[in-house]
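Protein chains in written order, with our numbering: chain A, 1 to 518; chain B, 519 to 895.
Any given hint could be a false lead.
Only pairs whose alpha carbons sit at most 35 Å apart, straight line, appear in this in silico DSBU-like list of lysine-lysine [to be verified]:
1. A:LYS516 - B:LYS600
2. A:LYS416 - B:LYS850
3. B:LYS702 - B:LYS600
4. B:LYS595 - A:LYS186
Since the hints were made in silico from the structure, they are not lab data.
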Amino acid sequence: MSEAAHHHPTGLSRWLFTTNHKDIGTMYLVFAFMMAIIGGLMSLVIRAELFEPGLQLVDPNFFNQMTTVHALVMVFGFVMPAFVGLANWMIPLMIGAPDMALPRMNNWSFWLLPPAATLLIISLFVPGGGPAAGWTLYPPLSIQGGMGMDFTILTVHMLGISSILGSINIIATILNMRAPGMALMKMPLFVWTWLITAFLLLAAIPVFAGAVTMLLTDRHFGTQFFDAAGGGDPVLFQHIFWFFGHPEVYILVLPAFGVISQVIPTFARKPLFGYSSMVFATAAIAFLSFIVWAHHMYTVGMPVAGELFFMYATMLIAVPTGVKVFNWVATMWRGSMTFEAPMLFAIATVFTFTMGGVTGLMLALTPVDFQYHDTYFVVAHFHYVIVGGSVLGLFTAVYYWLPKWTGHMYSEVVGKWHFWLTMIGINLTFFPQHFSGLAGMPRRIPDYALQFAEFNMWSTYGAFLAVFSQLIFFYLVWKTVKGGEKATDQVWEGAEGLEWTVPSPAPYHTFETPPKVS
Amino acid sequence: MLTTCLKRIKSSIQFLGAGLMLLPGLAMAEYALNFQRPVTEIAREVFELHNLILTIVIVIFIAVFVVMFYSIFAHRKSRGHKAANFHESTTVEVIWTIIPFIILVSMAIPSTATLLKMDNTSGSEMTVKIVGYQWKWQYEYLDHDISFFSSLSTPRAQIENKEKKGENYLLEVDNPVVLPVGKKIRFVLTANDVIHSWWVPQLAVKKDAIPGFINEMWTKIDEPGIYRGQCAELCGKDHGFMPIVIKAVSEEDFNKWVSLQKDKAVSAAADSNKVWTKTALLKKGKKVYEKSCQACHGATGAGVPGAFPAITGSKIATGPVKDHLAIVMDGKAGTAMQAFKGQLSDADLAAVVTFERNGLGNKAGDIVQPSQVKALR
Chain A
1 MSEAAHHHPT GLSRWLFTTN HKDIGTMYLV FAFMMAIIGG LMSLVIRAEL
51 FEPGLQLVDP NFFNQMTTVH ALVMVFGFVM PAFVGLANWM IPLMIGAPDM
101 ALPRMNNWSF WLLPPAATLL IISLFVPGGG PAAGWTLYPP LSIQGGMGMD
151 FTILTVHMLG ISSILGSINI IATILNMRAP GMALMKMPLF VWTWLITAFL
201 LLAAIPVFAG AVTMLLTDRH FGTQFFDAAG GGDPVLFQHI FWFFGHPEVY
251 ILVLPAFGVI SQVIPTFARK PLFGYSSMVF ATAAIAFLSF IVWAHHMYTV
301 GMPVAGELFF MYATMLIAVP TGVKVFNWVA TMWRGSMTFE APMLFAIATV
351 FTFTMGGVTG LMLALTPVDF QYHDTYFVVA HFHYVIVGGS VLGLFTAVYY
401 WLPKWTGHMY SEVVGKWHFW LTMIGINLTF FPQHFSGLAG MPRRIPDYAL
451 QFAEFNMWST YGAFLAVFSQ LIFFYLVWKT VKGGEKATDQ VWEGAEGLEW
501 TVPSPAPYHT FETPPKVS
Chain B
519 MLTTCLKRIK SSIQFLGAGL MLLPGLAMAE YALNFQRPVT EIAREVFELH
569 NLILTIVIVI FIAVFVVMFY SIFAHRKSRG HKAANFHEST TVEVIWTIIP
619 FIILVSMAIP STATLLKMDN TSGSEMTVKI VGYQWKWQYE YLDHDISFFS
669 SLSTPRAQIE NKEKKGENYL LEVDNPVVLP VGKKIRFVLT ANDVIHSWWV
719 PQLAVKKDAI PGFINEMWTK IDEPGIYRGQ CAELCGKDHG FMPIVIKAVS
769 EEDFNKWVSL QKDKAVSAAA DSNKVWTKTA LLKKGKKVYE KSCQACHGAT
819 GAGVPGAFPA ITGSKIATGP VKDHLAIVMD GKAGTAMQAF KGQLSDADLA
869 AVVTFERNGL GNKAGDIVQP SQVKALR
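So here's chain A without its partners, still in its complex pose:
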């Protein structure tokens, strides 16, 4: 290839028209961070209202909009795009490919996100306000809402198209563009988890799109899919939603497992324990995620045989998940560990995710789930999984690869401050919620009985600490982009893999001639 083909546009058009996987990856990550700030501020509105009993700041209707939009923004605007950003940046580097397989589509799948997010935010300002039916959008409640609900449905469609395009691209890249010698069972675990995640997305997102489309036609075009008065069934929506929704949880967390599986071996200076069982465990989790959906709806009144099936199937997920945790611990065992920020975040991810995992096992048991269902116990559970698993996994990834992206080392001191404050913040927020839930506090309420007051106050302090600690993260990333100690190509002493063979920062174009993997 001639040098002329290596044009490197600058200014706005660089970002608007780019087909470069690194630029697109960066845009995904920046977008995700902005969404995290917006979603984080919404969570502060929620926590501030719940600081003490009584209605102080917002009316219940707006409170419901906040819980709904907070969840949608965090799931679809923050965590999913952030992992797609990582996939864009890292998968070609890790498999020795020059770029993603479908670069123009890649550009489009990113640029669908900003308008979609804008539409969702605008919905808060239309007459009747934003969606207030919870992120699960259960009808008939979601049929009642104003046009904010229609905005949300269209947002979901756009985000869905973006995710489907993104996952097609990832699958095509991984299956077709690996460097010679990079057999499937030699791929880094991050690539494996993303390959499996992409298949989950392909299978789950269209189902969700179908569900919200039926909601839209029920609202405006006279259909009655979910209206019992017209022969429909409101519970049908829940089945369809959770058929998407449960795999969605693994879409959010499997790539984080991949990140952890890269980082722990690096800092333990020891190969990943049980590589092939990690791959099979990931595949097993992905498969099981499609046959457990109704454990989110034990209280809808299913036949007892159905409840038993979903209980047993759900419990089974504990086996491959346990294998993963044991393998991570075995990787650390008798290693030679150091504890730079990525390792701290990786260990914390294993720890907090496992907390969410064991409460998940408790929730799987139908007779006790009747007590936990729709309480703060569930809120604590899924925040331990998604914040403790996915979000800490994202931080792990950013600290791990930031030197490769920017060419500079970040400040380890600032990184450790960020780590400890974040850990204290999120645990102070979510740990007490287990107790409130067990003692009987329902979720999604703007006001509560007096016996829940103390723990809610703790939670609110924790939430403010957790959100404001991210200013430190922003400062750290900003400083590292601007300058700092020069990073070596390998960056970390124990790092192995193709991404560490290219210079830091990674040049605009890499692996134009494929590397040889032995």
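Since chain A is already given, all that's left is putting chain B on it; use the hints.
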């Protein structure tokens, strides 16, 4: 064998709980850490199952992370530990696949047994139908011909922080569900508008009330007392404000209560035949408005623009009485406006329509008598 084992676990957990209470600071406030005290056999079983599972997962969690933290402490570069190079062991991997599986089976067995018991509604001695509304509950005693609505009785002023909050803040209602102890009671659940969920923690019953569908569950309460719960499924604006209160009484007291309800029904019928004065209607209408209408249309009748229409100056409340009565009695399909004819008596309906036409800044001047409402039924 299993029960003694469970008892031992239970007492050790209680001991642990007591230990936690001794920690300074924790002792200052009353922290609710675990389930509320169970008052039915099923609830006790569920509580024990919960404690058993919780103990198992805590033990596993501690075991795994003791190993991890030991490794973090011992196998670090700064202590000069050299990395080993092992990366697989089929034996170990098979062991830690099979052992969790066995633990899971040991959890599944008691869970299945309890679930089957909870599911068995046969042999019930009375049936109560529960209907969820935005945002209140209706109870219908199918064997006694009694029906009433139950809604939050906590004063608005407490919620808005203008008054000190009472002991049962947000967990108190105007008409509690009165139930006899020692009888197997079957509940059938449905809803009028959106999905609600009826939950009383001390009874360990929670089930969704779904419009157009009927769900079943049952309970048998051991001891008299007041048991409080809340709606557990997001059902709109006032989801947090539709509690459930059960008053469990002896069978004798229950029968007394039943006959009292019948007397009330007779006097309500008398109300609808009598001619009311405007003052009496307005006074009653204000009360009904506060209970049934204010949540959406607001204390001043201003509503919430875009979500809930205003009553002050509205075409309906200033137009013909007939249309006004029609919308209040039959509701408006596809909106949160319910059909109130099943919820309110003739006198209530006449009073609230009169109030809406002559209060809240409206001056229609006319009044509605209960007999007019009765004629429309």
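How the hints compare with the structure:
no., hint, verdict
1, A:LYS516 - B:LYS600, "holds, 30 Å"
2, A:LYS416 - B:LYS850, "violated, 58 Å"
3, B:LYS702 - B:LYS600, "violated, 67 Å"
4, B:LYS595 - A:LYS186, "holds, 28 Å"
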